[in-house]
Amino acid sequence: MAEVPISWFLTLSAILFALGVAGFLFRRNIITVFMSIELMLNAVNLTFVTFSYQLKQVNGHLFSFFVMVVAAAEAAVGLAIILTIFKNRSTLQIDDIDSMKN
Amino acid sequence: MNAFIVISIIKAAVVAFVLLTAVAYLQWVERKVIAHIQVRMGPYRVGPHGLLQPLADVIKLITKEDLVPPYVNKPLYLFAPFIAVCMALLAIAVIPFGPTINVAGYSTWMQLTDLNIGVLYILAASSMGVYGIALAGWASNNKYALIGGLRSSAQMISYELPMAIAIASPLLLSNTLSLRELVGTQAGGIWHWNVLRGPFPQIISFIVFLIAAFAETNRVPFDLPEAENELVAGFHVEYSSMKFASFFMAEYLNMVTVSAMATLLFLGGWDPLWPAQYGSNLIPTVIFLIAGLTALYHAANPARKMDKYTFPAFGIVFLILAGIFLLPIVQSWLLPLFWFCAKTGAILFAFIWVRGTLPRFRYDQLMRFAWKFMFPVAMLNLLVTSFLVAWVS
Amino acid sequence: MDVILFLVFAIIAVVSAVNVVVQTHPISSAVSLIGVMGSLAVLYLLLGGEFIAAAQVIVYAGAVMVLFIFVILLLNAGAESKSGRSFMVQLLGVPLLIALLGLLAFFVQRLFPRGVSVHFGGFTGGTAQAVGKALFTTYLLPFEVTSLLILIAILGAIVLARKEID
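Residue numbers (the working numbering), protein chains in the order written: chain A, 1 to 102; chain B, 1001 to 1393; chain C, 2001 to 2166.
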């Protein structure tokens, strides 16, 4: 067959999302956690564009565009926060940033 | 389908071969021009007037010891020059060198492929080229290389913004992102080129694009991250032989790409200066005729002994070229190719001229120039252009 | 032909994504994430989204990931340490994750068994023109609001990352 069923795209998106969740929950370096969030956002973008193909409308591309913009803004502010944390605590392991714990 | 694949492979091979040779000889041109600006000769001994110098350089670089220092991050160290050259070559895949050409019954455009989003594709390829330098600086495990790599990549992404906005302004006049159609909208003579036409001539945009192109390709006056006497040559200090050569090949390929972009966006691509019915087809013949006659005149009383043989040879070659441009069979594709190469060559000459003339920017001056001057100027230009285009239509 | 293209780039995407999660040094994760974004851009091209593919490479792979790599290079983040990793978390977490994935895949197969097939040229409405038209007519308000959002992000990043003036 020369055509790809659309459920394959959705399954790929689900796999990437699950991998993003895995990285978010299991990794302890704060930058890797942040990158897993970006992976999840990318998986969602793929879903949006896939559904836009199925419904033959361009709105999915627009949603994807806005998700990209928000992800870029979030990356900028998040990395600035990481820089500040590193300046104050000299560590990037999220287990060591626990001074509010009792 | 079969013919399409074969033609595409042949085109890709021709473009790759011609480009790599052109990059090697671009280095020869640069050394000669800078030498003459500095009132000296440049390469002169290896072949007539140093024409075999690039060959000698290639042989030297290939036969040098390819040392991989033991303390580097090997995967990234080996990956970085590959990325730099790969992205530089990818950008050339969409550049049209001329209109259609008929070879043995098959008609094809002088362009590897045309995308609807050609301009965005070139921006994407040049954005990815930053990784070659950043990863090279990191993988070398050397503080000078790291600082050089960081500075260079920060400079490249800072100047991507004014470049993208400077690209957006002529796109408002031409209304298309495809590079082939972009040239089509500028047909008809110099007053139709995007730099001089429409409700708002894009002169400011052209200058902003050129300055941003200097910074994107890490050329003087923005070459602080890779100058030999700054930071011990910056991000490529730990590289030797072919990997070092690939960084320089990537830089020259980037120069060719941005010059071609400037030609396509602002200077009308392969269109002649004035329409062909007023005799602009004779310009290349006239130019080569003058060059040939000058060479033959200087051959009569040469300044140096070797010139007694080389100048007449060059003179005859130029006269033959002038004759070729008169043949009607080749005129349909050779003339647009000549105009494209002439315009791109003029911008490349400007690159080399500036390198021989201007001093270097300091790094904080460079960044301040990008964010506090170039970006507002490009935005104002875009604003004025869009206002005038909306008002006229 | 389209199937081969999809399979190649889907496998590259999944392998790179696994690499992002598994690698200890953040810079290897970052380079793998660039691989994921590149292969996703090709998949967007297969789905007819040429503008989104170009935007993915320019914005995500070419700017956001450069930012990530900058921060990793500046902070000189070393490889993650192995101490203190809880075994209980892995024992509980991995099966739950596989359960999540299985649930999602099951629902996908259940709801779209005979959905549309994807091939090149199946959807031609993803050009820059179509996206631009929709962006400036239907989605004008979100567009303007996102420009405000970007302004706030720039201000926030500048305030957070500047040096203290003593």
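Fair warning: there could be bad hints in the mix.
As the list claims (entries may be wrong) - Cβ pair distances, simulated, as ranges:
| no. | chain 1 | residue 1 | chain 2 | residue 2 | range |
| --- | --- | --- | --- | --- | --- |
| 1 | B | Trp1274 | C | Ile2011 | 52 to 60 angstroms |
| 2 | B | Val1389 | A | Ala2 | 38 to 46 angstroms |
| 3 | C | Ile2004 | B | Leu1296 | 53 to 61 angstroms |
| 4 | B | Trp1109 | C | Thr2024 | 46 to 54 angstroms |
| 5 | B | Pro1328 | A | Asn59 | 52 to 60 angstroms |
| 6 | A | Asn59 | B | Ala1016 | 38 to 46 angstroms |
| 7 | C | Val2022 | A | Leu55 | 53 to 61 angstroms |
| 8 | B | Ile1007 | C | Ser2117 | 28 to 36 angstroms |
| 9 | C | Val2003 | B | Val1384 | 45 to 53 angstroms |
Stated by the list, open to error - Mimicking DSSO-like on lysine-lysine, the simulated pairs with C-alpha atoms at most 27 angstroms apart in a straight line are:
| no. | chain 1 | residue 1 | chain 2 | residue 2 |
| --- | --- | --- | --- | --- |
| 10 | C | Lys2133 | B | Lys1372 |
| 11 | B | Lys1074 | B | Lys1060 |
| 12 | B | Lys1032 | B | Lys1305 |
| 13 | A | Lys87 | B | Lys1308 |
| 14 | B | Lys1074 | B | Lys1032 |
| 15 | A | Lys87 | C | Lys2163 |
| 16 | B | Lys1064 | B | Lys1143 |
| 17 | A | Lys87 | A | Lys101 |
| 18 | B | Lys1143 | C | Lys2133 |
| 19 | B | Lys1074 | B | Lys1064 |
| 20 | B | Lys1011 | B | Lys1032 |
| 21 | B | Lys1032 | B | Lys1308 |
| 22 | C | Lys2163 | A | Lys56 |
| 23 | B | Lys1064 | B | Lys1032 |
If you are wondering where the hints come from, they were derived from the structure by calculation, not from laboratory data.
No experiment lies behind these values; they were computed from the predicted model shown.
Glycine included, C-beta positions come from ideal geometry on N, C-alpha and C.
Hint check results:
Judged by the Cβ atoms, the range 52 to 60 angstroms given for Trp1274 (chain B) and Ile2011 (chain C) holds: they are separated by roughly 55 angstroms. One distance hint, 38 to 46 angstroms for the beta-carbon pair Val1389 (chain B) and Ala2 (chain A), holds here, with the actual separation near 43 angstroms. For the pair Ile2004 (chain C) and Leu1296 (chain B), the supplied restraint of 53 to 61 angstroms holds, since their beta-carbon distance comes to about 60 angstroms. A beta carbon spacing of about 49 angstroms between Trp1109 (chain B) and Thr2024 (chain C) agrees with the range 46 to 54 angstroms that was offered as a hint.
Restraint check, Pro1328 (chain B) to Asn59 (chain A): a C-beta distance of roughly 54 angstroms satisfies the suggested window 52 to 60 angstroms. A hinted range of 38 to 46 angstroms for the beta carbons of Asn59 (chain A) and Ala1016 (chain B) is consistent with their spacing of about 41 angstroms. The hint said 53 to 61 angstroms for the Cβ distance between Val2022 (chain C) and Leu55 (chain A), and at roughly 36 angstroms that hint is violated. The hint said 28 to 36 angstroms for the Cβ distance between Ile1007 (chain B) and Ser2117 (chain C), and at roughly 30 angstroms that hint holds.
Taking the beta carbon of each, Val2003 (chain C) and Val1384 (chain B) are about 50 angstroms apart, inside 45 to 53 angstroms as hinted. Restraint check: the Cα-Cα separation between Lys2133 (chain C) and Lys1372 (chain B) comes to about 32 angstroms, which exceeds 27 angstroms; the hinted pair is violated. With a C-alpha separation of about 24 angstroms, the suggested pair Lys1074 (chain B) and Lys1060 (chain B) falls inside the 27 angstroms cut-off, and the hint holds. Only pairs whose Cα atoms come within 27 angstroms are accepted, and Lys1032 (chain B) paired with Lys1305 (chain B) is accepted, the gap being roughly 19 angstroms.
For the hint pairing Lys87 (chain A) with Lys1308 (chain B), the CA-to-CA distance comes to about 70 angstroms; that exceeds 27 angstroms, so the pair is violated. This hinted pair does not check out: Lys1074 (chain B) and Lys1032 (chain B) have alpha carbons roughly 37 angstroms apart, beyond 27 angstroms. A C-alpha spacing of about 10 angstroms is found between Lys87 (chain A) and Lys2163 (chain C), which places the hinted pair at or below 27 angstroms, so the restraint holds. For a cut-off of 27 angstroms, the pair hint linking Lys1064 (chain B) to Lys1143 (chain B) stands: about 25 angstroms separates their Cα positions.
For the given pair, Lys87 (chain A) sits about 20 angstroms from Lys101 (chain A) by alpha-carbon distance, which is consistent with the 27 angstroms threshold. Between Lys1143 (chain B) and Lys2133 (chain C) the alpha-carbon distance is near 49 angstroms, which puts this suggested pair outside the 27 angstroms criterion. Using a Cα cut-off of 27 angstroms, the hinted pair Lys1074 (chain B) and Lys1064 (chain B) holds, with the two alpha carbons roughly 19 angstroms apart. For the given pair, Lys1011 (chain B) sits about 31 angstroms from Lys1032 (chain B) by alpha-carbon distance, which is inconsistent with the 27 angstroms threshold.
Distance restraint check for Lys1032 (chain B) and Lys1308 (chain B): the Cα-Cα separation of roughly 20 angstroms lies within the 27 angstroms cut-off, and the hinted pair is therefore satisfied. Restraint check for Lys2163 (chain C) and Lys56 (chain A): the C-alpha separation of about 50 angstroms exceeds 27 angstroms, so the hint is violated. For the given pair, Lys1064 (chain B) sits about 25 angstroms from Lys1032 (chain B) by alpha-carbon distance, which is consistent with the 27 angstroms threshold.
The structure fails hints 7, 10, 13, 14, 18, 20, 22 (numbered hints given earlier, in ascending order).
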